[in-house]
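Residues 1 to 539 (UniProt numbering) are what the sequence shown spells out, left to right.
There's no promise every hint is true.
Claimed, not checked - Simulated pairs of lysine-lysine, PhoX-like, Cα-Cα distance not exceeding 20 Å:
no.	residue 1	residue 2
1	292	5
2	108	125
3	200	156
4	108	136
5	156	212
6	233	156
7	7	290
8	226	184
9	198	125
10	108	7
11	244	233
12	184	136
13	70	421
14	156	120
15	187	168
16	176	244
17	187	244
18	475	521
19	187	176
20	184	212
21	108	5
22	198	244
23	331	184
24	290	79
25	212	187
26	125	7
27	120	168
Read the hints as simulated data drawn from the structure, not as lab findings.
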Amino acid sequence: MDQLKEKLRVFVWPYLIVALSFLLLYSACHWLFFIRMELFAADQDVLNYWAPMGLAWIPVLLFFRERLLKLQLRNPENKVFLIQMYLWLAISVPTVLAQTYLIAATGKLTNLQVISDITKLPPTKYYHLSQTYIDKANAGVVNDAEISGKLNEDFKMYLYVVLPIFDKPADTSSHKTVAWYALKYSKTVSNKLSPEQKEKEFRQFANESQHKFDRLEVNNFSYLEKVPGGQDKDAWLAAIHENKPFAGSGSILLQPQSGDFTQHTPSILWTILAFILAFVIWAAIIIYTKIKPREQPYGNDWHTPHTADHGHAHTETRQRPVPPQQPSFFKPHKGYYVTPALMYLNIGVYLLMVVSGLGVMAFRADDLLHWGANYRPYTINGQWWRLLTSTFLHGGLVHMASNMFGLVFAGAFLEPLLGGKRLLIAYLTAGIVASAASIAWHPDTVSVGASGAIFGLFGMCVVFLAKAYKNEYAKRQLYNILMLIGYNLLWGLSGGIDNAAHIGGLISGMLVGLILHPGVKRRILEMQKGEPLDEENLD
């Protein structure tokens, strides 16, 4: 009974308070700052999904990290991490579900006699028009494309169309409108197609979209919804900008919606059920898990037992050897600063693009160019800095995450051998050479990513493992890294991947490795003898 009371006091009731507080606090901030006051323009997907999922780690680590050490677990390090993952899901999922309900439930429907009335009334999310004229003859259009899928297997094509909305047909002569009717057409094909085949598919897609547009009854809608922030809104705004006859018009974007407005709000029941289910599962986990006795240390299972020596009158304390703590690949520590710094810099640039409302899973080519992507027509016309800046940009979440795995994999091996300064110089050199190889091979391709620089590190690994180490472990590691390089180069043949940058970075890294090889070999001998390492010994 005492254990049950302790479990409820330490784990169950605190979870209930923290999870409910997080859901209510995040929802209140979302409603106040982004819905009610509209102080900030943000990507709707970030607000609804990515922000609550990311922020949910804060209460997990802040309130439960130390508490979980009180649980009596086998293999505690792995199980504590799994329990933290469950807590993260249990807190974030109901919050995500609540945001969808919040937006729909708090969105008001405003009745407008004509579209020009929209500027005379307080802004709302939904509108009903009594009479209107939507001008199909003066459409603004932009096209876009992105590569998606877990393995970059999909090539998605988009057409964004905006039509000016007027009170009556005679108003078209003014070439001024306050709002636009937003349409989107899309099609997905295989990313393995050649550039010529993709061009053919796009022409076919454009013809199909034109046919759908010609048959569209633009007045066949129940109500209009204001377009939220995000990639789609940016594309529609670009379409407005391309509609030169209507330059200087308003930029309110409205999407047509069908069906009964009273039925558009999802049920709050799903949020409540998800919260209750998460709480019940958490309570069951805690009830069926033992907690450590109070006399047993919570932080470490390795403790000092006291044993009596029968041949002496006193008690001798013998200490069980404590295993040394394994340094983390993700945290800076002595002799390992540059690799995690480069990783966090790449992640930081990605997060800046996300919070700027440019997307999460993928970014548009125009946005990447604006942030410094490598593009031959721009680069060779004086913007040479793109050779470097493009190495810190990524096309999306999967692209960034896979590259950071490769960076840590190679950097953790190389930085103790080279030292931080030389690793940084080698990384930047390989990245610039890879970018130069990319624009030399691709005349009209937007290129981003750290993979060229990382392939340079792979090239150095190959040289050092082949020439500096002479043991079976080195042979196995050399085989593994050659397989990794070969797989990535072969996958690059499928399309959508800049193999020119990969090969350029790989070759430059191997050349740098050959130059540094004698110093690295001496350093390895020093490490084997246990002598103190001197970074200058590489000279």
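Comparing the hints with the structure gives:
Proposed proximity of residue 292 and residue 5 is supported: the alpha carbons are some 14 Å apart, at most 20 Å. A distance of roughly 6 Å separates the Cα atoms of residue 108 and residue 125; the hinted pair therefore holds under the 20 Å criterion. As the CA atoms of residue 200 and residue 156 are separated by approximately 14 Å, the hinted pair is consistent with the 20 Å bound. With a CA separation close to 28 Å, the supplied pair residue 108 and residue 136 exceeds the 20 Å bound.
Using a Cα cut-off of 20 Å, the hinted pair residue 156 and residue 212 holds, with the two alpha carbons roughly 18 Å apart. As the CA atoms of residue 233 and residue 156 are separated by approximately 17 Å, the hinted pair is consistent with the 20 Å bound. Restraint check for residue 7 and residue 290: the C-alpha separation of about 9 Å stays at or below 20 Å, so the hint holds. Only pairs whose Cα atoms come within 20 Å are accepted, and residue 226 paired with residue 184 is accepted, the gap being roughly 14 Å.
Between residue 198 and residue 125 the CA atoms are separated by roughly 38 Å; this puts the pair beyond 20 Å, and the hint is violated. A hinted pair counts as satisfied when its Cα atoms are at most 20 Å apart, and residue 108 with residue 7 does not qualify at roughly 45 Å. Between residue 244 and residue 233 the CA atoms are separated by roughly 18 Å; this keeps the pair inside 20 Å, and the hint holds. Taking the CA atoms of residue 184 and residue 136, the gap is near 14 Å; set against the 20 Å cutoff, the hint holds.
With a C-alpha separation of about 42 Å, the suggested pair residue 70 and residue 421 falls outside the 20 Å cut-off, and the hint is violated. Under the criterion of a C-alpha separation no larger than 20 Å, the hint pairing residue 156 with residue 120 is inconsistent with the structure, at around 39 Å. Of the pairs offered as hints, the one joining residue 187 and residue 168 is violated, with about 34 Å between alpha carbons and a cut-off of 20 Å exceeded. Simply put, residue 176 and residue 244 have alpha-carbon atoms about 11 Å apart, close enough for the 20 Å limit, and the pair holds.
Proposed proximity of residue 187 and residue 244 is contradicted: the alpha carbons are some 27 Å apart, above 20 Å. Taken as a hint, the residue 475 and residue 521 pair is honoured in the structure, with Cα atoms around 16 Å apart against an allowance of 20 Å. With a C-alpha separation of about 32 Å, the suggested pair residue 187 and residue 176 falls outside the 20 Å cut-off, and the hint is violated. For a cut-off of 20 Å, the pair hint linking residue 184 to residue 212 stands: about 11 Å separates their Cα positions.
Of the pairs offered as hints, the one joining residue 108 and residue 5 is violated, with about 47 Å between alpha carbons and a cut-off of 20 Å exceeded. At roughly 29 Å between alpha-carbon atoms, residue 198 and residue 244 are farther apart than 20 Å, so this suggested pair is violated. A distance of roughly 44 Å separates the Cα atoms of residue 331 and residue 184; the hinted pair therefore is violated under the 20 Å criterion. With a CA separation close to 13 Å, the supplied pair residue 290 and residue 79 stays within the 20 Å bound.
Distance restraint check for residue 212 and residue 187: the Cα-Cα separation of roughly 13 Å lies within the 20 Å cut-off, and the hinted pair is therefore satisfied. Taking the CA atoms of residue 125 and residue 7, the gap is about 46 Å. The hint is violated against a cut of 20 Å. A hinted pair counts as satisfied when its Cα atoms are at most 20 Å apart, and residue 120 with residue 168 qualifies at roughly 18 Å.
Violated hints, listed in ascending order, are 4, 9, 10, 13, 14, 15, 17, 19, 21, 22, 23 and 26; each of the other numbered hints is respected by the structure.
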